[in-house]
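Asks: Line by line, the protein sequences are chains A and B. Here this note's numbering is used: the first residue of the first sequence is 15, the next is one more, and so on. Here this note's numbering is used: the first residue of the second sequence is 2, the next is one more, and so on.
Because the hints were derived from the structure by calculation, they are not lab data. Hints may be right or wrong, so weigh each one.
Claimed, not checked - Keeping only pairs whose Cα atoms sit at most 20 Å apart, straight-line, the calculated EDC-like set for lysine to aspartate or glutamate is:
no. : chain 1 : residue 1 : chain 2 : residue 2
1   : B       : Lys218    : A       : Asp119
2   : A       : Lys354    : A       : Asp303
3   : B       : Lys42     : B       : Asp88
4   : B       : Lys65     : B       : Glu50
5   : B       : Lys218    : A       : Glu59
6   : A       : Lys228    : B       : Asp178
7   : A       : Lys283    : B       : Glu240
8   : A       : Lys283    : B       : Asp291
9   : B       : Lys209    : B       : Asp178
10  : B       : Lys68     : B       : Glu50
11  : B       : Lys209    : A       : Glu59
12  : B       : Lys317    : B       : Glu338
13  : B       : Lys103    : A       : Glu372
14  : B       : Lys65     : B       : Glu111
15  : B       : Lys114    : B       : Asp54
16  : A       : Lys321    : B       : Glu240
17  : A       : Lys354    : B       : Glu240
18  : A       : Lys321    : B       : Asp178
19  : B       : Lys209    : A       : Asp34
20  : B       : Lys42     : B       : Glu115
Unchecked claim - Estimated spans, in silico, between C-beta atoms of each pair:
no. : chain 1 : residue 1 : chain 2 : residue 2 : range
21  : B       : Arg128    : A       : Leu275    : 21 to 29 Å
22  : A       : Leu275    : B       : Asp324    : 49 to 57 Å
23  : A       : Asn318    : B       : Ala339    : 33 to 41 Å
24  : B       : Arg222    : A       : Ala37     : 16 to 24 Å
To be verified - Partial chain B-side listing against chain A, Cβ under 8 Å, derived:
no. : residue
25  : Ser107
26  : Ala108
27  : Arg112
Each residue gets a CB set at the ideal place from its N, CA and C atoms; glycine is no exception.
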Amino acid sequence: MSLRNALLLALFAAGAVRADGSATTLFDSRPYVRNGGYQESPIYESFALTARGESDRDAWLQDLRVVARGWGRLTLGPPFDDRRTTGRVGRQLAVGGAVRATQLDGIARDGVLTNGLGVQTWTGVPVQARFDHFERGDFLGGGRVFWRQSFDSEVGASFVYALRRGYVAREDVAVDGSWTPLRAVTVSGLVQWSIVEERLAEARLQALWQLNPKLQLVADVQRTAPDLFVDRSSIFAVFSEERRDEVGGEIVYRLLQPLSLEADWHWLKLEGGHGHRAGARATFRTVRDASYGAEVRLITEPDNGYKLARVFATRRLPRNVTITVDLDAYWLEREINATKRSFVATVTGGWAFAQAWEAMIAGSFGTTPYFERRTEAIARLVYRFGLPGAFR
Amino acid sequence: MKRALLIGGGVLACATAATILGTDPAGDEILFPHARHQQAKVECITCHENVWDAKTLAGDFLPKEAKCLECHKQKKADGQCNFCHSDVRYAATWPKREPRLKMDHSAHIERVKEDCSQCHSRLSEPRHPATLSDGHAACLKCHDHAQQYSDARCDTCHVDLASYPLVPVSQVSHQGDFLRRHASVARSSQQSCGTCHEQNFCLDCHAKTAMVPVETKLVDRPDRRFIHRQDFLGRHSVESRMDPASCQRCHSTNTCETCHENSRVSAGLSARDPHPPGWSLPGSGAFHGDAARRNISSCASCHDQGAQSNCVQCHKVGGIGGDPHPPGFRSRHNLNEARSDGRCVACHL
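The following block holds chain A by itself, in its conformation from the complex:
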C-alpha cells in the first residue's frame, strides 16, 4: 500500500476528509507531421485527486490537502480561515511576479505574515517539457514580497534566478500590482527587468472598467523583449535585441441577458514593421445550457497574417446527452505547401450515462495546409468519484 493510500485511509477512518477526483481515459487518433506524416492513435489515462480535511474537532486536519498530480499541500498553524502560510512539496506551479508561471519539482512556501504583508518563495528544478532532457545544473529559485490590501488589490516585488546546464538562464527582478480602487475598476501591471542583460524584459499595464453590468471596457499596453524569453544559456541569446509593443483594447457588451458581444483590437509593433490583432465574437446562451457562437479574427504582420472565421454550438439533449459542433476556417496570406486555406469541422457527442460516468466521442475532419485530408477521432471516458466515507 502506498504512503498516500495509507494516509488517506487513516484520514477517512477519522471521518475528517472530503475527497473528490476524476479518472479520464482518452483516445485520440490524429495525423502528425512528424517523420513524414502518419496517423497516431494513443490512449491516455489521467487521474486527479483532491482531498482535504474538514473536521471541526481536529482543526489541524483542516489544512491538509492531497492532490494526486504528485504534490500535496500542508498548512501549518491555525485552521484554514486564519491560515498564515502554506507549504508545498513536489511537482507544482510557481506563479507570481518574475517567476511567471513555471512548473518545478521542489519546495514552495507562501502566505501573509502580518497586516497583509506576505512572502512567496520557490526553489527546485524546473520541469522539462516533453522531448527535453533533465541535465545537471538545472535550478530555479526565487521569491516575492507582497502587500495585500484586499483580495483584489495587491502589490509585489520579486526575483527569480534560473540555471540551465550550470549557466544563468534567467536572472530577473519584477514589480507587479493589481489594484481595485473602485468596484468597477481594476488596474493591473508588471515591470520585469533582466539583470543579466540590463534591459526591460517585459512591461504591461491593463485597466478594466465595468461601466454597468452590461458593458465592460479593457485597455492594455505591453512591451516585451522576445529575445529575453530565449533561454540565456542558448547561443542565440547573443544574436539580437528585439522589442515588441502592443496596445489596444476590448469591449464586452451584453446586449440582452443571453446575448454577449465582444470585440478586441490591438496594434502591434514588431521588429521589421507593424501589424494588427483583432477579433469579434457573439455568443448566445439559453437558460438550458445551450450556446451558439460566431467569431471572426484577423492577424496581420509585416510579412504574413491570416483571417479566421468560426461558428460553434453546444446543446444539451434529453437523457444527459450533449452535442457540440465547431466549424473553423482560416485563410493565410502566404502559402504553405501551395495552400492558403484551412477548414476543420469538429463534432462531439457526450453522454453522462451514469451518476459519475461520462463518455464523449469526437470526430474532426477537414483540409489544411499540412494535410490534404485531416481526420481526428477522440474518445474520452471520465469517472468522477468521491472516496468512500469522504462525501458530506
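Using the hints, position chain B against chain A.
Replies: Positioned in the frame of chain A, the structure of chain B alone reads:
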C-alpha cells in the same frame, strides 16, 4: 478529392447543426408556478417543511409527488401528466443539487419572522428558472462580511468554489478574452486565484508534461478560448511571429527544434530548403541576418545546438560571417567575460 471532402464535411456539419438547433430543450422540467400557489395562499412550509429545521443544505427540501397529489390528485388520475411535467416521455424527479453554501435555515427562520421572501424574493416559474436566493445582496443586508470579503475568505459561506459552473462577471471579471488577460492578474493575485482554482486547474494548460493539450482533453468545449484550437499547426508560424514571447513562456526552443527535426523541415533534413531565396545574400531583403534580428526565436527553433549550431562556423571570431552581436552588446559584456564563460568559448577561442 479535396472538394468532395469539403462538401461531405459541410453536409455533416450542417446536419449536426440542424440537429442541435432543431431539437427540443433538454430534459424534463417539473412545472411549478410559485406565483399561482402564493395567490392561493399556500404557505412555503406546506411544501418545504423539511427546510424549517435544517442546519445545512445537505437535505431533501423539495416536495415529493405525494405532497402535490394532496391537492392535484385528480390530474394524475385523469392521466394529465403534462400538468406537472414538461416532457412526459422522460418524466423525472427534481434534479439533485449539490449544496454549495453553508446555510443554517433553522437559525434564520425566526430572525426573518418566517418571511422567506427576505432572502428568496424571486421564485422560479414554469420555463423561467430563478436563482435560489438573492445572492450576496440577501446575506449582506444583515451580515457584515467586509473582513471575510477583504481577505477572500469565501469559505466562510461557500463550499467548494472550484466546482461553480459560472465565472465571475464582476470582481476579477472573467468576461471577454480573459485567457489572454489572465496573466496580468494572476501574477499579482496568486492567492486570490487560489481561492477558486486548485493548481490542477492551472496545470491543464501550464503543465509542461501534460498528458495531452487542453484543447484535446476538452474538445467538447467550443465556447472556451483555447490557444491551440483546431488546425493550430497551420497558424503557428504566424502566431509565433506575432508574439514569440508568448510561445516561449511555455515552450523551450528545444520543443520547436525536436518537432521541426522530426517533421523534416529543418535545414539539412528536408529535400528543399525552408529558407527563402536570398537568405545568404546581404541586402537581399530576405537576408538571414535581418531575419535573425527580427525574430531570433524562429532561428533557435531549428538551430539551437549549442557549440554545434551552424551559426558558429561563420560567426566565430575570424569567421566570414563577422560579429553577430547586436549594437550595445559590447557595452554590457566584455572580452574577459567571454573568456570566463563556457558558452562563449564556441566562438571566442
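Asks: Each of the hints needs a verdict: does it hold here or not?
Replies: Okay, the hints, checked on the actual structure:
no., hint, verdict
1, B:Lys218 <-> A:Asp119, "violated (24 Å)"
2, A:Lys354 <-> A:Asp303, "violated (36 Å)"
3, B:Lys42 <-> B:Asp88, "violated (28 Å)"
4, B:Lys65 <-> B:Glu50, "holds (11 Å)"
5, B:Lys218 <-> A:Glu59, "holds (11 Å)"
6, A:Lys228 <-> B:Asp178, "holds (16 Å)"
7, A:Lys283 <-> B:Glu240, "holds (14 Å)"
8, A:Lys283 <-> B:Asp291, "holds (16 Å)"
9, B:Lys209 <-> B:Asp178, "violated (23 Å)"
10, B:Lys68 <-> B:Glu50, "holds (11 Å)"
11, B:Lys209 <-> A:Glu59, "holds (17 Å)"
12, B:Lys317 <-> B:Glu338, "holds (16 Å)"
13, B:Lys103 <-> A:Glu372, "violated (29 Å)"
14, B:Lys65 <-> B:Glu111, "violated (25 Å)"
15, B:Lys114 <-> B:Asp54, "holds (14 Å)"
16, A:Lys321 <-> B:Glu240, "holds (12 Å)"
17, A:Lys354 <-> B:Glu240, "holds (15 Å)"
18, A:Lys321 <-> B:Asp178, "holds (18 Å)"
19, B:Lys209 <-> A:Asp34, "violated (24 Å)"
20, B:Lys42 <-> B:Glu115, "holds (15 Å)"
21, B:Arg128 <-> A:Leu275: 21 to 29 Å, "holds (25 Å)"
22, A:Leu275 <-> B:Asp324: 49 to 57 Å, "holds (53 Å)"
23, A:Asn318 <-> B:Ala339: 33 to 41 Å, "holds (36 Å)"
24, B:Arg222 <-> A:Ala37: 16 to 24 Å, "holds (19 Å)"
25, Ser107, "violated (18 Å)"
26, Ala108, "violated (16 Å)"
27, Arg112, "violated (23 Å)"
Comparing the model with each numbered hint stated earlier shows that hints 1, 2, 3, 9, 13, 14, 19, 25, 26 and 27 do not hold.
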